[in-house]
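Asker: Residue numbers (full-length UniProt numbering), protein chains in the order written: chain W, 1 to 581; chain Y, 1 to 581.
Treat the hints with caution; some may be incorrect.
One copy or two, it doesn't matter: identical chains are merged, so the pair holds either way.
What the hints assert, rightly or not - Here are the simulated DSS-like cross-link-like pairs (lysine-lysine), alpha carbons at most 30 Å apart as the crow flies:
id, residue 1, residue 2
1, Lys299, Lys354
2, Lys253, Lys469
3, Lys261, Lys438
4, Lys524, Lys438
5, Lys480, Lys469
6, Lys549, Lys319
7, Lys372, Lys321
None of these hints come from the bench; they were simulated from the model.
There are 2 protein chains.
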Amino acid sequence: MASPRFWSFAAENEGNTSNQNPGTPRAWCQAAQKFTGGIGSKLCALLSTGEGEKAANLAAKQEGSTLETCGCKELCTCSKNNIDFSVLYSTDLLPASDGDTATMAFLQEVMDILLSYIVNTFDRSTKVIDFHYPNELLQANNWELTDEPETLDDILLNCRSTMKYAIKTGHPRYFNQLSTGLDMVGLAADWLTSTANTNMFTYEIAPVFVLMEYVTLKKMREMIGWPDGSGDGIFSPGGAISNMYAMLVARYKMFPEVKEKGMSAVPRLVAFTSEHSHFSIKKGAAALGIGTDSVILVKVDERGKMIPSDLERRIIEAKQKGYVPFFVSATAGTTVYGAFDPLIAIADVCKKHKVWMHVDGAWGGGLLMSRKHRWKLNGVERANSVTWNPHKMMSVPLQCSALLVREEGLMQNCNQMHACYLFQQDKHYDLSYDTGDKALQCGRHVDIFKLWLMWKAKGTIGFEAQIDKCLELSEYLYNKIKNREGYEMVFNEKPQHTNVCFWYLPPSLRYVEDKEERLRRLSKVAPVIKTRMMEYGTTMVSYQPQGDKVNFFRMVISNPAAAFEDIDFLIDEIERLGQDL
Amino acid sequence: MASPRFWSFAAENEGNTSNQNPGTPRAWCQAAQKFTGGIGSKLCALLSTGEGEKAANLAAKQEGSTLETCGCKELCTCSKNNIDFSVLYSTDLLPASDGDTATMAFLQEVMDILLSYIVNTFDRSTKVIDFHYPNELLQANNWELTDEPETLDDILLNCRSTMKYAIKTGHPRYFNQLSTGLDMVGLAADWLTSTANTNMFTYEIAPVFVLMEYVTLKKMREMIGWPDGSGDGIFSPGGAISNMYAMLVARYKMFPEVKEKGMSAVPRLVAFTSEHSHFSIKKGAAALGIGTDSVILVKVDERGKMIPSDLERRIIEAKQKGYVPFFVSATAGTTVYGAFDPLIAIADVCKKHKVWMHVDGAWGGGLLMSRKHRWKLNGVERANSVTWNPHKMMSVPLQCSALLVREEGLMQNCNQMHACYLFQQDKHYDLSYDTGDKALQCGRHVDIFKLWLMWKAKGTIGFEAQIDKCLELSEYLYNKIKNREGYEMVFNEKPQHTNVCFWYLPPSLRYVEDKEERLRRLSKVAPVIKTRMMEYGTTMVSYQPQGDKVNFFRMVISNPAAAFEDIDFLIDEIERLGQDL
Numbered sequence: 001m002a003s004p005r006f007w008s009f010a011a012e013n014e015g016n017t018s019n020q021n022p023g024t025p026r027a028w029c030q031a032a033q034k035f036t037g038g039i040g041s042k043l044c045a046l047l048s049t050g051e052g053e054k055a056a057n058l059a060a061k062q063e064g065s066t067l068e069t070c071g072c073k074e075l076c077t078c079s080k081n082n083i084d085f086s087v088l089y090s091t092d093l094l095p096a097s098d099g100d101t102a103t104m105a106f107l108q109e110v111m112d113i114l115l116s117y118i119v120n121t122f123d124r125s126t127k128v129i130d131f132h133y134p135n136e137l138l139q140a141n142n143w144e145l146t147d148e149p150e151t152l153d154d155i156l157l158n159c160r161s162t163m164k165y166a167i168k169t170g171h172p173r174y175f176n177q178l179s180t181g182l183d184m185v186g187l188a189a190d191w192l193t194s195t196a197n198t199n200m201f202t203y204e205i206a207p208v209f210v211l212m213e214y215v216t217l218k219k220m221r222e223m224i225g226w227p228d229g230s231g232d233g234i235f236s237p238g239g240a241i242s243n244m245y246a247m248l249v250a251r252y253k254m255f256p257e258v259k260e261k262g263m264s265a266v267p268r269l270v271a272f273t274s275e276h277s278h279f280s281i282k283k284g285a286a287a288l289g290i291g292t293d294s295v296i297l298v299k300v301d302e303r304g305k306m307i308p309s310d311l312e313r314r315i316i317e318a319k320q321k322g323y324v325p326f327f328v329s330a331t332a333g334t335t336v337y338g339a340f341d342p343l344i345a346i347a348d349v350c351k352k353h354k355v356w357m358h359v360d361g362a363w364g365g366g367l368l369m370s371r372k373h374r375w376k377l378n379g380v381e382r383a384n385s386v387t388w389n390p391h392k393m394m395s396v397p398l399q400c401s402a403l404l405v406r407e408e409g410l411m412q413n414c415n416q417m418h419a420c421y422l423f424q425q426d427k428h429y430d431l432s433y434d435t436g437d438k439a440l441q442c443g444r445h446v447d448i449f450k451l452w453l454m455w456k457a458k459g460t461i462g463f464e465a466q467i468d469k470c471l472e473l474s475e476y477l478y479n480k481i482k483n484r485e486g487y488e489m490v491f492n493e494k495p496q497h498t499n500v501c502f503w504y505l506p507p508s509l510r511y512v513e514d515k516e517e518r519l520r521r522l523s524k525v526a527p528v529i530k531t532r533m534m535e536y537g538t539t540m541v542s543y544q545p546q547g548d549k550v551n552f553f554r555m556v557i558s559n560p561a562a563a564f565e566d567i568d569f570l571i572d573e574i575e576r577l578g579q580d581l
Numbered sequence: 001m002a003s004p005r006f007w008s009f010a011a012e013n014e015g016n017t018s019n020q021n022p023g024t025p026r027a028w029c030q031a032a033q034k035f036t037g038g039i040g041s042k043l044c045a046l047l048s049t050g051e052g053e054k055a056a057n058l059a060a061k062q063e064g065s066t067l068e069t070c071g072c073k074e075l076c077t078c079s080k081n082n083i084d085f086s087v088l089y090s091t092d093l094l095p096a097s098d099g100d101t102a103t104m105a106f107l108q109e110v111m112d113i114l115l116s117y118i119v120n121t122f123d124r125s126t127k128v129i130d131f132h133y134p135n136e137l138l139q140a141n142n143w144e145l146t147d148e149p150e151t152l153d154d155i156l157l158n159c160r161s162t163m164k165y166a167i168k169t170g171h172p173r174y175f176n177q178l179s180t181g182l183d184m185v186g187l188a189a190d191w192l193t194s195t196a197n198t199n200m201f202t203y204e205i206a207p208v209f210v211l212m213e214y215v216t217l218k219k220m221r222e223m224i225g226w227p228d229g230s231g232d233g234i235f236s237p238g239g240a241i242s243n244m245y246a247m248l249v250a251r252y253k254m255f256p257e258v259k260e261k262g263m264s265a266v267p268r269l270v271a272f273t274s275e276h277s278h279f280s281i282k283k284g285a286a287a288l289g290i291g292t293d294s295v296i297l298v299k300v301d302e303r304g305k306m307i308p309s310d311l312e313r314r315i316i317e318a319k320q321k322g323y324v325p326f327f328v329s330a331t332a333g334t335t336v337y338g339a340f341d342p343l344i345a346i347a348d349v350c351k352k353h354k355v356w357m358h359v360d361g362a363w364g365g366g367l368l369m370s371r372k373h374r375w376k377l378n379g380v381e382r383a384n385s386v387t388w389n390p391h392k393m394m395s396v397p398l399q400c401s402a403l404l405v406r407e408e409g410l411m412q413n414c415n416q417m418h419a420c421y422l423f424q425q426d427k428h429y430d431l432s433y434d435t436g437d438k439a440l441q442c443g444r445h446v447d448i449f450k451l452w453l454m455w456k457a458k459g460t461i462g463f464e465a466q467i468d469k470c471l472e473l474s475e476y477l478y479n480k481i482k483n484r485e486g487y488e489m490v491f492n493e494k495p496q497h498t499n500v501c502f503w504y505l506p507p508s509l510r511y512v513e514d515k516e517e518r519l520r521r522l523s524k525v526a527p528v529i530k531t532r533m534m535e536y537g538t539t540m541v542s543y544q545p546q547g548d549k550v551n552f553f554r555m556v557i558s559n560p561a562a563a564f565e566d567i568d569f570l571i572d573e574i575e576r577l578g579q580d581l
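Make the full structure from the sequences, and use the hints.
Answerer: What follows is the structure in structure tokens.
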């Protein structure tokens, strides 16, 4: 039943992979040796089966070694798992009668693949990415979905191949996105969430998770600074949706009739956000029938912070045109510059003009956990709503985004439709815990457990420590390159968040006098270096243009695994890959 | 560091749990015995550590047995794991240097908890739910998030307690929602997805998953019947959002200027859907600024199917009022009755009046996998868009919902905002795989891998078999109760989907002549039986009123673990719990 073309690309390149991740099974056994008790044998036993076995066989072929001589000194009498997955199918697993043995062996095998991946993730000698172009991957592998089933052996092979080509987003040298890192407690929590496989809409089917969301949202509101943590909120599928919720609730607060009558019943609404704000504000406006033209972009200063006087000027202008300003979205931690808009001054403007103040703290919200850095969000307590994504700066597994709303009950009134098949009013428990009707979604994924469990495991001080460390690393980077030859900062002064924006100028560009020529060539530097980074697989960092500034690197650090040596590595790598340009 | 109040409720009730799940460690060892090779010892070794150990100690205290005498005959020389989690913290795990041993032991411990839960899930002698009222759970446990960290021992305890109070949504007697079941390959895939911890927005950071989504969406469009599977689509966070996408794209198709200008630039739009359709259509209309008043509810027949002539009448009426009909949402599998709207006749009306035809097949879409049942969706190939949730009838873990769109490029044009920091145009690979800009979300959870891997593992015929079986069970239930004393069907004729809607009349109600009195009392029967079901924890099935019909049971079957005996059990249980009412 195994397809001959199956992940053939993977097979062809297996040798390379092994070279990239030298001695994975050996590394395991070395790890196993550190156990003083029987866990060593246990891990060796795991190694002797499935993933370990195949990896070991491969290693043996290539390195002339076998698992038995890997150096593990523990007595290991557990014999090999002789379950033959090549004759088993998913129908042999639970709920099949007698499916429990095969199920446990299969899941353990998958677990071994994942454990191996995890160990590799944190091993700096492994690649961040084993990059292939879309057509290569598409042509080389059998992606096809067919009528006939594949064996569990094939399924395990799929899992291995998928992990082979996955980006190691937890790798200490992966700096590509605002969400990086792989937290072990968060991961365990996400596995548990998958296993519980339930839905957040009612207490009836998610009692524990619903209560955890209740407790955690309250705690987050306390950290924002709302009295007694009162208010409302929800975990939503990402910051863009959280921001859209905020806009939706703000509109409803001002014109509740919009729910029934639509936008035709209300005057022309306008929203305000900075030039550097996240594109989700415009996306939300388009979706909600407000229109992107009604999102007015407020000027920012050299550091990327909204200029409050420009905000006020534009609000007044809009009023003069007969428009109704209903929503200001200030950003706490912009995507590119990491700028924090001046929230107090913005709150003053919002108060004066009676406009809903939203703070998009998707990226910067995490700094509320840090006594050293939370001043950057001073004024957030005056907001009417706040987006805060624990999956970004707090390294909670994707996705985990919260929208917090100061006024209780608004979300419910705005979104509820009273579906009687779900939110029966004659249930036997307190219905206030059936929170589903305040959501835009019907079914809602359980995103809370990983955050709650990580918070338990770290305490607030643990989050604080990891956030402070990321900011320290970013300051280290800034100090290292600000006066270094070949670097130019996109803006001066120490970064407020972990974003460090800079150009790297290859030697050939450093003395080009013609400004046009210089910019033209400079704009191509970052894309080429990035391409090479991905092809070598050594590190990943993002670049983009912004306004009239040509392509520059935006370094961000949110991964607790990153260390000073990784910052050093990044600089060396940029220079290695870019010096000939 | 361990809190004395920590999950004290759990501790107090541990005895009960054990009685509910008799001999979990023994069950494990029995399972282990079935392995002919060393896997037996391996599983015993797992049992000898962590979860197994604690469970075994508990069992020993209560049953006078120890693990060593559990009956497992395999030689088991792996000694116990002597890692002491009570002195370890999350900071001792990776990426801590030397954190690999503790990490592997910790994750294996979590895995053991999950494996134990999984085995219990399919064990009919365990409870579906260990129900407690919100205040009981809130008061009895320590939910608080504090400054200080807890030990890994506490974290593991949290995991155990969370699983103790979780609803077993994969239990063969859990019939409460449209999404039930726990698929082992799907679960493994979800664990892998968590471990890969990436984001769908670009090929750059999710190459494999992006390609899998591409392949799978194409396959789904082929099954819908669109030529060569051409078109577009996306996996979204649930059916409600998928339906909202459809409405958004339909509006954009008719009035592309709405994106910039908002609803004030377009005439009054109206949407049509049946009285029995899902509430997300209204929710979407409210959010998109269309307004719920502009969702016109079309009459249904006795079976809950939309009446096409009423649809046409209302479209004509709306046009006469100067409104612009832009969207018809037909339902393939209504939430309560499981009705399939007559798609061909609806397509004719839509074509005639040039209105976008959407099919909400969130629940019924799965029947496209069945040669025996797919005729119920005849005409779906004429739709402009289709919602299809593999997390419902196909038992893919939550969440997995697809929106399929017939016209390619519309979604992109409708939603794109060209965020330059994410969708750089000078990347080195084919940018058509950066699909993030067609989404409403920015970050997007990877929902594809579980579906893709399950499809690989089952083949289309495997999905077909499990869907056919669920429909067979539902027909069995229908035949069993349609003429049984004490039952009344909410509608006659064999159900089209697995929804079986019925009233149970306790003996005292069967001969009540007064119609008002009868209805008044009947409306209270289902809620009381449901309460008792949850308190006993034996089974769960949903109830609701609909229109002028008082509370009735809506039985649905989507769980491949369910068998004839479970249907028999449900009937017995309803009668046992309801006969005194």
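Asker: Evaluate each hint against the coordinates.
Answerer: Hints versus structure:
In this assembly of identical chains, the alpha carbons of Lys299 and Lys354 lie at most 30 Å apart only when taken from the same copy (21 Å versus 44 Å across copies). In this homomeric assembly, Lys253 and Lys469 never come within 30 Å of each other (Cα to Cα): the closest approach is 40 Å inside a single copy and 49 Å across copies. Within a single copy, Lys261 and Lys438 get their C-alpha atoms as close as 19 Å, and across copies as close as 28 Å, so both meet the 30 Å cut-off. Within a single copy, Lys524 and Lys438 get their C-alpha atoms only as close as 47 Å, which misses the 30 Å cut-off; across copies the closest is 27 Å, which meets it.
Only within a single protomer do Lys480 and Lys469 lie at most 30 Å apart by alpha-carbon distance; the minimum there is 16 Å, versus 65 Å between protomers. Within a single copy, Lys549 and Lys319 get their C-alpha atoms no closer than 33 Å, and across copies no closer than 51 Å, so neither meets the 30 Å cut-off. With identical chains, the CA atoms of Lys372 and Lys321 are never at most 30 Å apart, being 43 Å at best within one copy and 62 Å at best between copies.
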